[in-house]
Each structure stands twice: as structure tokens, then as C-alpha cells.
Amino acid sequence: MKIMNCPLNGPRNISEFICFGEVSIMPCPQDSSDDEWADFIWLSNNTAGVVREWWCHAATSYWFIAERNTVTDEILATYPASDVFTDRVEFKHKNNL
Amino acid sequence: MYTSPNRLPAPAGRLVDHENTINFSFEGTQYTGLAGDTIASALAANDVWLLSRSFKYHRPRGVLSMAGLEANTLVQVDNEPNVAADRRKVTQGLQVSGQNCIGSLANDQAEKISLVNRFLPVGFYYKAFFQPKGAWQNIWEPIIRKFAGLGQVHPDTPHGYYDKQYLFSEITVVGGGPAGMSAALAAADAGAEVLLIEQETVIGGSLNYGRFDTEGTLAHTLHDELVTAVTDHSNIEVMTDSVCNGYFADNWLPVIRGHRMYKLRTKELILAPGKMEQPAIFRNNDLPGVLLGTAAQRLIRLYGVRPGKQAVVLTAGDDGYATALELLENGVNVTAVADLRQSFDATPLYKKVLACGISIHKACTVYEALPDKHTRGIRAAALRQLAGIGQCGNEAWRYDCDLLCVSVGFMPSYQLALHAGGKLKHDEAVSGFSITGLPACIHLAGAVNGKNELGSVIESGRQAGQAASRKLGLAVPGAAASRPLNPISYSSINHPWPIFPHPRGKEFVDLDEDLQYLDIIHACRDGYDELELVKRYSTVGMGPSQGRHSALATARVVAEETQRTMSEVGVTTARPPLHAENLAVIAGRSFEPERLTAMHHRHLEAGAHMVTAGQWWRPAYYGEPQHADRWILKENLAVRNNVGMIDVSTLGGLEVRGPDAAEFLNRMYTFSYSRQKTGTLRYLLMTNPAGRIIDDGVACRLDDEHFYITATTGGVETVYRTMLWWNAQWRLDVDVTNVTSAYAGISLAGPKSRAVLQQLCTSTDLAPASFPYLSVRTAQVAGIPARLLRVGFVGELGYEIHAPSLQGEALWDALLKAGREFGMQPVGIEAQRLLRLEKGHLIVGQDTDAMTTPHEARMTWAVAERKPFFVGGRSLQAARRYPSNRKLVGFSVEPEQDEVPGESNLILDGDSIAGHITSVGYSPTLNKIIGMGYARADTEPGMLIQIKLKSGCRQSVQVVEMPFYDPQNKRQEM
Amino acid sequence: MRSPHYRTLISAGARFESCMNASCVMDYGNGKNQEAAQAMQLGLADLTPLPRTGFKGPEMVQWAGSAGLKIGQHNNRAYLQEDGLLVARLSDSEILVLNGLGSRLDQCARLEEKHKHSRPAGCYTVPRSSASAWLMLTGQYSTDALAKLCGMDLRVKNFSGGAIAQTSVARTNCIVIRNNMGEIPAFHLLFDCSSTEYMWSCLVDAGMEFKGAPVGYASLLDLHY
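Chains as they are written, first to last, in the numbering used here: chain E, 1 to 97; chain G, 1 to 974; chain F, 1 to 225.
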């Protein structure tokens, strides 16, 4: 059983966590084409190498980001999501697509 | 007075108590052993050597290693099959019998099978039973199972208590031999917390039984020194009888002791598992009486058992001479030593054996062991002069013997290191192995570190202990001067080729699987020339010993046959478990969490039939299952005509609070919540980013910045987590709290529900004008603070009452009492499902699947398309341009029929599938069978759709408008 | 108000007394000395009827300060207040508050009142009293018993007084707080109240090997002071 370091709770058995896949940035819903949107929804990168992933510590429902090498399964770093997502996100009104 | 033919007096027999006898039976015969004996040693003391029959040819087999490593010693002990007789201790009254034989072990009827062994070549099963189709399952497998079974599992075996425990240590040492003890001491001296794991009953390893010098005293001296130091050290905890059965990531180790599996996490790990003695390959090398040298030493020193009367020793180094001396000093007549080596230095051990007048044949091997028909063991050894590597010359000798000790080399116990990702490398020069490529948190000591001479073994332990301590940041004391020991030294740990094929075969490479020299050759010639393929084709190394005695020889034979080096051939992969483990140990104490609502015991008292919904237990209906239909009907009618109460505590509940609460719900759900008035309810429909329905519920607006929302029983955890995930990105000023278990929920439904509730809710006006449909109030119900939600899931006037869960039972009791005069009935989820079906309300997960859009479910009324954003919105926008080919429709059928539609029956579109029935049931109110399912997108009420029933027959049913019941929704809005 | 598993407690011989409007197990009728000895060996106490509360939100820390709660900067640490209240800091935005053992006052209700009156922005209540069950495991074998249920190293050298683990116990989310009673190891366990019967049975099973048994509130008060 691997150990993962939770930014809130410290090192824990990885069975305490849920992986939610790669951190991908949502394209602007209004400005993206159907193809771009479909790509975002349905296709995974499946990167072989270092990826940024969403992980959740189940007991605390605490979300954070881990950098993991998908080839060696080595966890390189973990940090709070607020390190990446710093600002409030607003959505503009759609212009009748 | 206790006597046994082969029992040696003390001090031989370190582990047995010569004063304390144990009676047990084997194959129906009574025997007497000593406390501390294993089954095998106690039988050996009684001159019983035949322990089992081999897997394929039913050849007689006995002790080989005395270390519990091979199938030879597997016996049936009472109800327990496949017990290693050379590991399990005898206890008073133990009943032991042989396995895998027809008749008795001594006269196994199946032995004749070995006469036809030339018809059972490697890969035989694959070739012979491949055709005709079905022959394997129906004809061959049952026959072969009978012959090739191991022990018997009795169905009435009593349950045992097995469990698991987590364990933690700074430094763990696996293996309590000289290397492990010295590593533990070094680490403990540095101040580390050390756990020492030993699979035998005592620590000491080879110091307990081995002989390392001419006098035979060195092991004893070192043993006393090290064992005392380890036992007395306050930083060392010793676990004996404990098997570390594998290695998993980040030093996570399963350690099995008795009925318990410890899940051990250690910061640093020192592997000191020692080495495994290897057999030589010659004709009849598998018979009882052919023992590894260490096995003979273990019998003598550990159990005080003389391993035979007359012995021949086959060796390739000093170990054989040490064994010969042990035998001589313990009453065994050693007639000859065959040494595979052409020339070697005359060591003190060699000289001492020579001085005893024993014939020593250099460049000589045992060519064949001659079987003894009466004892099933051996009667003589045929020796041959060696003409070259693996080449027997013509000069021959024959020595009578009942014991043949083999000491031709060792392999390190590499398995755990390989589990951890280590690579085993072969050094052709010394025929030895080294292990590389381990994680930094693992340290090797002793044989696995390439050390075999006793002094260097102990020194490598010390170094490993210090290295591990340094990793923990501990200061390590300077090295003390190490003492010269002058024990056995090795020029090479293995003889490179102790393999001697015989024209008539029976030279076993793998005893467990009954594989002979030619079987491996044939596997290569059949084209399986990679080691992993040879293994799978021939099954070599797949038996209980997992290649401990066969991997090396197999690799050598494959290398030779394919003209490659050992390094090129490699060894097969090692995977956990290291030793066979009881499934009970793995199954023991598995946690299956259960969640109960506050009213759980009231349901039980009312005779409810409980069913699970995830971890929750819920009442399906109130009454015994054989009359389920009757109870469901009764509960259904109670709600339609009077009033029913349903435990809805399992529904998810979330508090959404903060200035951005409404904006947050706007983004998470399809509807719009900005203008929802305080005190009202609004439906919630959640889609995922792909626009597919994943949950629903209601939003109660308690004030401007506070919503109390519900979610489905099975969905709330995901909904809650998903909300937090989105807001980790959006950073809105909102807090979401999961309060599911904080509230007990009771749904009061039926035309008389207001009258019931009003009795307990005297200070709140429940009249429709002041508390209309789709609104929420906080109130005292029977003195309990509660939230009242006017909802209509089942289509009648109704209230959901949410109250603090610790008062849930009191609330239930109060309502039940108040409802008595109105004919109130507790209602289970089966009736509830039927009631909502009558109203055409869908259940997410039952009437939707992973691809259902609001459009398909005909819920576009709940989608606010003009919002700037909601999860799934963009996908739904795109989906409108690619119309779906299905939608959810309602249908009804007359009830009087032989076969009625069932859930999951297919809905057809010509010969192709349009969808399936998601919900169906008999509605007593409508006296019809009603259902929902997915049909072609252009299906309209009045049309007929085809259903394929369970029997395969097709039935046309009529599509009707939904809801089936009270289409004007008058009843729920009363 | 009663614990969700009060039937289990009754069949174990529990004697209830009213305590701050709730029905609390005072003892199991085994005599004062024996129960104290049990609690020192391995005792399992049900504190679910006693008051507790929680506060959460981005402005939690600020409000807690203004309400007079003294909490340090470290998450997953419990801070004992002068009046006996134990404040567990679960994260930068959430605290769990346990009524002082032995306190005859519902200190948590007072705190909730204070919160209600001050109506702070960005700090919300968490209904811990009804959401979470509260058990206490006490005695010299409590760490060993927990080691059968919880994959964290809870031995005192790695998990000292005031330490908090929000983790999985018997596959159920649980807040474990070490709150030794003098020399006697003790842990608060808070978990979803719907799992009370399940968790209780797991703890009883894990404690059998160490002769664990339920103990009443009275024995804790004896040991606490």
C-alpha cells in the first residue's frame, strides 16, 4: 500500500484517498466549438509521465492536487488546490448560441 | 519409559522436551513424539519417512528440507488439508493422514500411473484433452481431479476466528538468523525501534542447527551470544512463528502469525531471510531418504532425530563434510562421500572426515538412488566417476544406505527482495546470485547480500542495521573490531552443474509438479524456450514450493538447452504470497459498515422485511416476504386512501450557506434558484459535465443565503464531494455541509396527512393557504424542532418531516400514535416505488442510466437554458444538435395475463433494441400493470411498442400519457 | 434524547441518568472500583448524549477568536479551553467542540447561542450533536484495540495528547482525538451516528482480546479528576 502525503492530514495509506483524474482546464463554454467541448468531455490525455491529478482525502472530503509519475507511480508533490486555483471564476451570459 | 527407534538423547533436539511426550496418530496408527516435535520429526523418530504421494505419478515422498518448503510433506490434519508436516507441531491426540492417494499412503492404488508416465509428457493436458469440445469439463477434468487432488476440505469445518491488525515499526528485520540478529542489534544499539520477524518458533536461524567448524561448537557459542543479546535488548521486539508473506509499496508487509494477519508498515526494512539449499538432479532423487544436508542437520540438532542408519553424502563443498561429521557423531554410519569437485584445498573439515576412515570420491556423483520396495525409501546409492561437467564416466561404485544427504549449493531467499522490485543477477564466475535495484528503504543482509561465510554474514547484518539507522537520522556508533571466526568458507556457493540425466529418467527437477529433466528439455523443444513460457507450459515452479528447489535447476537446463548463459535466461518473477496462506487469514475480519436510521428498531419491531441500499438498511415492506405482494398493496392503498408514513432518513441532506449559495446551486443544478423565494421548495436536477442526469432532490430556501437541499440516498456522498471539487476551482463564497445523518426524515403522505400532523404541530398553521404545496416551514412537531417540506413524490398531500436524528425514534412514535385514528400505516420502499411510478416520477439510477439526458427523460422543464452556466449545460446545448434516438415513455397493460412485463425486459424497434423497461408494477388504484422504459424518440401516447418478455415472447403494449395517476396533480396540491 | 444504540447499552447492563436533558450511561452496575479498573484496562464509553457542536466556514477562525475560543494555528490539534471545553481544529475552516467532561453546563449550547446572536458572515454551525456519535475508548490497551481497526500509527510517541486523526476506522470515516486522562491513554471517536451500532460492535470485538468492556460516564469522571 502506497503512502500519499495529504496537505491537510499528512502521510496516509493511499486507500484513504480517491483519485479524480488529471487536472484539465475547462474551455470557455461559450467560446468553444462543439468539437473542442467534446474533446474536453470525452477524451483523456492518459499521459505517460508526470501529471497533475485531483485527489480527495475521503474522510475529510479535502481536495488537493498531486504530481505523480504515471510510469513509475512515484508521487512527486502534493499541494492545496488553492495553489493553482487562486481566483473566483465567473461565467458570462451566453449570447444565444 | 519413552523410546523411539531414531530418537537421540539430549543435548540433540534443541526444540523438543525429552521429558514430555505427545501421542498422535498417522494413517490410523498411534505414535508417540515429544513436545516441540513437528509431525515430520515425530514420525521420523518412529522411523516413518513416507509422508505423501506425489502430485502426478503418486511416487512415495518424504522430508526433503525439514523447513516446510515443499509439497512432499503436505498432510491432512483433522479437517485441515495441505499442512506442512515439517512445520506443524504435534499436539496431543492430533489425527494426521496422507493426502492424494487411493487406499493408503503405503499402498497407493494410483501408483500404477507412474508406469505409464511416458504417456504423460509435459504439456500432456494441453495436447490430450483439447478435443473434442466439452470433453475436458465433462469427462477428463472429473477423472483427473480425483487423481491430482491434494487434501480434503470438509464442508462442516467449524468457523475459526481470524483477524487482522495494523503494526508499525521504525526498522523491521525479516529473518532471525545470524545476519538478522546482528542487524537488529546494530539498529537497536543506535536507538531505533526494531521489530524482528522470524518464521521458525525460535530465533537463531542456522545457528540453531548448522555446523560451521570441525569441533561443532562455533554455532553454539555464537547462538548463545546473539540470541541473548537480542532477547535482552529493550529496543527489539521479536515476533516468532511469523511469516512475512510479501512486500508491497512503501514498506507495507503482510505478516501472518497463527490466525492473524498483521499489516506492518515500517520506515526501514532489512531483509535477512537467509538461503535455500538446492537439490541435485539424479535418478530417484525424490525418494524418502534423500535429504538436503541442512534437513539432516535440522533433524539432529532441532529435534534430536537420527536421520538414518547408514548414509552416503553428496557434496560440492565443505558443507557436506560438516554434515558427514554431524551424522557420524550422532550414530549414523557414513559409508562414503561423493564430491563433485575435481580438486580442492584440503580443509580441516575434509581432513577430519578423511581421518574417520570414510571413503571420499572426488569428481564423483550419485548417479542413481536405488529404491527399497519395502520401506518405500532407498536401499543404496550408485556412484559414478565424472568424466566432465554433467558427464558420468564408466567407473562405478555402489554403497548400501538408507540416507542420502545432498549438499551441492544454496540460493539466496530472494523472493521478498524481488517483490520489492529487485533484480536477481547471476554471477557466472561463482555460480552465485546478487540482488540489485531495490528502493532506498530496503537493506540486504547475509545470503541475499551475497554473504555466505558466517563472519561476513554477521558483519553484513551489522552494516545493514547501521545503514537503516542512519536513514532514520540516528547516530551510529563506530565499528567494534570483528572477531575472526574461521568457519566454513566458500569459493563458490553453488556447484555449477549438479544435474545428471539418466537414460531411464526419474531425475526430478520439480518434485511438487513431478517434472523430470526431459520434461524441461521437451518444453524447450516444443518451442517454449523463454523461462516464463517454460514455466507456464510445463508448470515448473507452480507448486507449493514456488520454485524454491526448482527455479535454479530449470534455469540451468533451459540455458544449456538454448545455449545461453544463466544471466541471459534469468529467473521467473517472484510474486506474493511467499508461502501458501489460508484464505481464512485473508478473509478474517473484513469490515462491512452498516448504517441504520434512527427508526431502524421500530421497523424491526413492526415486522419489516429489511433490505440494503448501499450501506443503509431500509424497510422494503412490513410483513413476511412470502406475502410481499399483499403488504405492498396494503401500504399502497393506505397512502391513497388514508395516510402512510415512510422512513426517508437515508435521503441525503446538505446545507448550502453563504452569499453565493444561490449562484452555486445555479451552477450545480439545471434549474434556476436566484429568484426562488424564502420558504419555498424547488426541484433539483443535477447533470454531469456531459449533460447526463446524475442526481435529483429538492432545494429548500430557508433564507437569502441558506438552502437546505436533499440528494438521493446513494448519490449524496458523490454530490457532496463533487460540489466541493467544483468550488475548489470556482472559489465562490459558499459553504456546503453534509448533514445527511443529522436528520431523521419521515414522509407523511395521504389525504389525511394534514389532520395527523396538525395534532402534533399545534403552533403552526398547516392550512393550504398558509403552507401551500412546494413550501418549507420550521416548526415543532411533538415538541421536536423540525423542518417541514411540502412535497409530492407519491402524489398525495404530504409532508416530509426532517428532525434531529437522535429524536427520530420519538418523532416516529408520536406520529404513529397520532395517526392511529386515521388508519395510518408504516410504508416501505417497495410501496413507495410503486406510488411514485403511478405518478410517473423517475428514480435516478433506476429510470436513468449513465447516458440519460434531461431531454430523454422528458425533464426539459427542469432545465433553465438561459443561465450563463451550469455543469452539463454546454453539453446539453450541443446535444440538441444531435438528437437522441430514445426517450422515457409510460405504458400500461391489462393485468390478467400469463406473463407480464418485468424490469429490464427489452423494448424493441423492429428487430433492434430501442431500450428497456426501467420500472414496472401492478397499480391497485388503476387495476393495470404500469411501467416506464426507453422507446424510440418518436414514440407518442396511443402507439404500440413491442416488449420482449423474459420467456422470449413478444408482447405489444400501449404507450400512455404520464402520470398514470391524478394527471392534474390535484391530490398533492390539496 | 438517547444514543442511537441504547438497546445495545441496555443489554450490556447500562444504568442511565439524566444529564443535560439527555439520557446518559452512568455505569454498568459493576461498582465504582471495578469500573474504574475497567476504564484503566480497556473501556468503551458512550458519550453520544453529551453536548458537542461545530463551526465551519472561511471566517471560522476569526469568529472563534471573537467568541473567546483559544485555538492554535495547527490543524488536526485539539485545544483544551480553561473551562474544560475541548476544541478540535479540523482544518483552517472547521472546528469541532466537545463539552468538557464533567461539566454540568451545556457549554456548547451557550456557544451556539453566541453564534446565533452575532450572526457572523462566513462562519456556520455544524449540527455535530445530531450528526456524529461520540464514543471514548480508554485504558492501557486502547491503542492496541484501535490498531485492529485503524491503519494509522496511534501509539503515543507518534500520536501524542491533543493529536487528531481524521481517518478511516473500521472502514468508516472517523475523527480520532487523543485526550489522555492523566496517565491513562484515551481517545475520543466521532463518526456518523447512523454507524453507531456497527462501530460499537467493531470496537467491542477488537477489545475482546484485551478484556475490554463498556464503562459508564461516572468512571471517566472518577479518572478525569
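Careful, some of the hints might be misleading.
As the list claims (entries may be wrong) - Pairs of lysine-lysine residues, derived as DSS-like cross-links and limited to a Cα-Cα distance of at most 27 Å, are as follows:
1) Lys839(G) <-> Lys948(G)
2) Lys2(E) <-> Lys263(G)
3) Lys2(E) <-> Lys928(G)
4) Lys471(G) <-> Lys263(G)
5) Lys92(E) <-> Lys928(G)
6) Lys211(F) <-> Lys263(G)
7) Lys634(G) <-> Lys423(G)
8) Lys471(G) <-> Lys211(F)
9) Lys373(G) <-> Lys634(G)
10) Lys2(E) <-> Lys471(G)
11) Lys867(G) <-> Lys677(G)
Keep in mind the hints are simulated off the structure, nothing from the lab. Given the structure is predicted, the values throughout are model-derived calculations rather than measurements.
Hint numbers not upheld by this structure, sorted from lowest to highest:
Of the numbered hints given earlier, those the structure breaks are 3, 5, 7, 8, 9, listed in rising order.
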